[in-house]
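2 protein chains.
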Amino acid sequence: MPVPTQATLDKVLAHVDATLPQARDTLFDLLRIPSISAQPAHAADCQRAAAWWRDQLTGLGFEATVRPTAGHPVVVGHFAGPGDYTGPHILFYGHYDVQPVDPLDLWHSPPFDPQLVDGPHGKRYVARGAVDDKGQTLMFLEALRAWHSTGGGIPARITVLIEGEEEVGSVNLDPFLTANKQELAVADVALISDTGMWDVNTPAVSTRLRGMTYAEVTLKAANRDLHSGIYGGSALNPINALTKILGDLHDENGRIQLPGFYDRVVPVSNAQRAQWDSMGFDEKAFLGSIGLAHPVGERGYSALERLWARPTADINGIWGGYTGAGSKTVIASEASAKVSFRLVPNQDPGEVFEQFQRFVTERLPPDATATFAEYARAPGIEVNVDSPHVRAALDALGEEYAKPAVLMGCGGSIPVVTSLKSILGVDSLLVGFGLDDDQVHSPNEKFEEACYHHGIRSHVRLLAKFAGG
Amino acid sequence: MPVPTQATLDKVLAHVDATLPQARDTLFDLLRIPSISAQPAHAADCQRAAAWWRDQLTGLGFEATVRPTAGHPVVVGHFAGPGDYTGPHILFYGHYDVQPVDPLDLWHSPPFDPQLVDGPHGKRYVARGAVDDKGQTLMFLEALRAWHSTGGGIPARITVLIEGEEEVGSVNLDPFLTANKQELAVADVALISDTGMWDVNTPAVSTRLRGMTYAEVTLKAANRDLHSGIYGGSALNPINALTKILGDLHDENGRIQLPGFYDRVVPVSNAQRAQWDSMGFDEKAFLGSIGLAHPVGERGYSALERLWARPTADINGIWGGYTGAGSKTVIASEASAKVSFRLVPNQDPGEVFEQFQRFVTERLPPDATATFAEYARAPGIEVNVDSPHVRAALDALGEEYAKPAVLMGCGGSIPVVTSLKSILGVDSLLVGFGLDDDQVHSPNEKFEEACYHHGIRSHVRLLAKFAGG
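Here the protein sequences come in this chain order: D and F.
For what it's worth, this note's numbering labels the leading residue of the first sequence as 3, then goes sequentially.
For what it's worth, this note's numbering labels the leading residue of the second sequence as 3, then goes sequentially.
Extracted from the complex, chain D is given alone in its bound form (with noise of 0.2 Å):
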């Protein structure tokens, strides 16, 4: 097959607009589906879903199966692309579960009775999963129909991965690309369309994404808790030992006084310090939005610096002692607290959590023992934008919108582009259709026409590109 030329692009692209309505309700379809998969009765409606997708994928030539894991099956469909293909092979992932739905009263219509309605931005469809991730995922669906339909068929060599566990934890994932390392691992990148665009006339590319160190720490003082009348003033506190220590994880600068947390934290270039300003993120509307006024942080860097390009600590949860109504006067025997840190490409999840149990430990009055445990460990993840797949998506967007795509951070983590990249080598291309205020996991979830639209033929304009077009 040759390389797709521009003309036969401009007709799929046709194709794609003429065959909307045909798309929109194709979504629709699957939006019906309530593929809850946090709730054990919507067990069947994740094995529908997945049918539903095997039976798309191999209504356009793919070999799909549906492949059963500890929890919700997993759907993997091949289309090896035609016989002198030598692009890459494209892994698409994705999932077809979605998050559960209360508080139901909070919805203006039935969540998996999808409606089109208009809003500011032209036409919008709302559903639980019309963006996360049904939505995103049926336009790269809808590009390869298109391609399959006209234009001489699928360009490109395809595997589709659509997993059913991603909104608990995607906890069979590993499990199974471990098991099917051989098949998967031929890939040569994975396209997750998962995450969002600047705004509705700007298209991004996400090319970071951080990670994460999650400990708990508990302090233990006394045996047994105490009167705080008869050993005020002469037995250790862990309560107040604990917020002595964890008081001192921030300077009054922001910085995070972890010894060596900054080490290998590498500055973003000044060219994507440049983009990033030059984009006018504003800060002041984002925190108005959460009844703030007044950004923390590291001094001295901008705001999308701090989001996407700085390491955090936060302490996510705290407890010890009486905890009731009224007061007791106790002095508790301990005392605990969830530490997180959001780390920055080349940090090392491991080392952190190293150097938090040193800060810890090193603080610890006389008495008082801390024991640790661990939750969470990611690196973050800076994509290579220099890479043919990235320059390929960048350019896809940026003829599809006639401006220049975005290099977006992601100040939280997408485990799957962890896992993709340490079970199979695949690093990961994130390109994403969502907005702001799409209400992700909120009721009335919805995605703008404009976006599915754009999306679709932005997929049709990736996978010519893939195609060497």
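Certain hints may be false.
Because identical chains share one entry, a pair is satisfied inside a single copy or across any pair of copies.
[What the hints assert, rightly or not] Straight-line Cα separation of at most 27 Å, DSS-like style, residue types lysine-lysine; simulated pairs:
id	residue 1	residue 2
1	K13	K405
2	K183	K246
3	K125	K222
4	K183	K330
5	K423	K222
6	K286	K13
7	K330	K405
8	K125	K405
9	K330	K423
10	K222	K405
11	K222	K286
12	K330	K13
13	K423	K246
14	K13	K246
15	K13	K222
16	K183	K222
17	K125	K423
18	K183	K286
19	K246	K405
20	K246	K330
21	K330	K125
22	K423	K286
No lab work stands behind these hints, which were simulated from the structure alone.
Small disclaimer: the values here were computed from a predicted structure and weren't measured.
Based on the hints, put chain F in the right spot on chain D.
Chain F in isolation, oriented as in the chain D frame:
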């Protein structure tokens, strides 16, 4: 009636010695009534204990009644004393209620089946309430009985007030005192037997009690819980802020950093310090029994000063964010703590509450708000050791034990002391015979017969002192 002579006193003391078995039986009688004030199932037992006290007092010539309250009743008995009595009107306070007995399986004998067993100091009584407060109150009753049975009758003007809710916070006592102020405020001194000796051979008068300010603080930041990946590095974390503020409560020398906190603190006198120093308090053993080895508290003060005569700040409880199993990457919208201050005489509890509010408020980061609740406000108490009542007690105890009684402090509060002072205007005299190892509130509570016996004799002597003998 003439002032008791030494011969009369000797006769009464001899009667105490001769009738000790009967005095023990009387105590055992009362110990068999399971008057657990906390448990509604034992309400009738509380009534029985009150009636028991009324009958005992009536038997000694008192005009005694069981008086209802919103909870368990109060017993009040009056004895006018000799017509020519010129000593102080004594208000004897005690309580007939006891703590619950669980964990029951740790008792070596049924808690309401009093046992006479051997111990290192001779016989001891084992039962719930053996010392707290049935044993302690019955020493006074038996002293009255000894005067009544011999020696020409009870030599003083006495009001007895026995409540039934001391173990549940005495919630109905203040209203009772207020409602019966005219009847009760005629007393010149309150005599309370609910404290301890220095050791089994060394009697003590407790002359200092610490007071308390008990505050709760809640810091609020964002208007909802936040995802730490999306907002970490920009949004204020109220748990981070709370630990930073409370971690600052003490300086590196253990001094409390509330501005003005020490302004009203009066150092103990050199004489008092010398007496405490001479007592050879073994802080190593004190801490060793709870698994600790290193004293905390203000540097530069002896253990007894830190425990009895210096104020403290203890975080009694702290909570916020996610405290369940595993991890949740949340930035909570609020965090709370309960913080109490043990105060010394002359500190103003209300002022300390304001100092704490100011301490927190001045350290609040922008965007945080703090709300406060106050659960306790009690001043520290210092008895004037030069008062004739304290002198009488020291003399009586010194003669009974043939060694000087010591002046002890008490690190906790005894709320009734504050109530008697603030409502009735009556100072308290704390003369108790408990030992540190009496297992108060715990399984196998005990009272040494030596303490009971010397205690009765001490009260006999004290009554003679008050009568001018």
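> Looking at the structure, which of the earlier hints fail to hold?
Replying inline: 2, 3, 4, 5, 6, 7, 10, 12, 13, 14, 15, 16, 17, 18, 19, 21, 22
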